[in-house]
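Heads up: the sequence shown runs through residues 1 to 88, numbered per the numbering used here.
In case anyone wonders, no lab produced these hints; they're calculated from the structure. Take these hints with a grain of salt, some might be off.
Cβ pair distances, simulated, as ranges [to be verified]: (1) S75 x S32: 34 to 40 Å; (2) E2 x S75: 32 to 38 Å; (3) L39 x T74: 26 to 32 Å; (4) S62 x N15: 33 to 39 Å.
Since the structure is predicted, the reported quantities are computational estimates derived from the model, not experimental observations. We treat Cβ as the ideally placed atom computed from N, Cα and C, and that holds for glycine.
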Amino acid sequence: MEWVVVIEESISSGNGIRWGVGRVSGVYASQSLARQDALNFAHRYNPKHPRMDGERRIYRLSEDSYLVNVAGATSRFHFRVSVADRIQ
Numbered sequence: 001m002e003w004v005v006v007i008e009e010s011i012s013s014g015n016g017i018r019w020g021v022g023r024v025s026g027v028y029a030s031q032s033l034a035r036q037d038a039l040n041f042a043h044r045y046n047p048k049h050p051r052m053d054g055e056r057r058i059y060r061l062s063e064d065s066y067l068v069n070v071a072g073a074t075s076r077f078h079f080r081v082s083v084a085d086r087i088q
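Let's have the full structure, built from the sequences with the hints guiding it.
This is the structure:
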């Protein structure tokens, strides 16, 4: 098995913002190592939106997934950090 950390977030696309994969990180030797790094990303990852983040709230959805809500100057954005088994 090849474990990776996937970050889904709001991505600028022309005149709009869409939801998509922002980053895929590493290949981890074990699921537990990937889980440790996923939690680290939830705390420290700088999403594309908002540009200047303020308050950050982290919610664990499962052992392998976090939802992070970040306050910007005028609105809130979120991103999701997940541990996944890369199949191909």
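We went through each hint and held it up to the structure:
{"no.": "1", "hint": "S75 x S32: 34 to 40 Å", "verdict": "holds (36 Å)"}
{"no.": "2", "hint": "E2 x S75: 32 to 38 Å", "verdict": "holds (36 Å)"}
{"no.": "3", "hint": "L39 x T74: 26 to 32 Å", "verdict": "holds (28 Å)"}
{"no.": "4", "hint": "S62 x N15: 33 to 39 Å", "verdict": "holds (35 Å)"}
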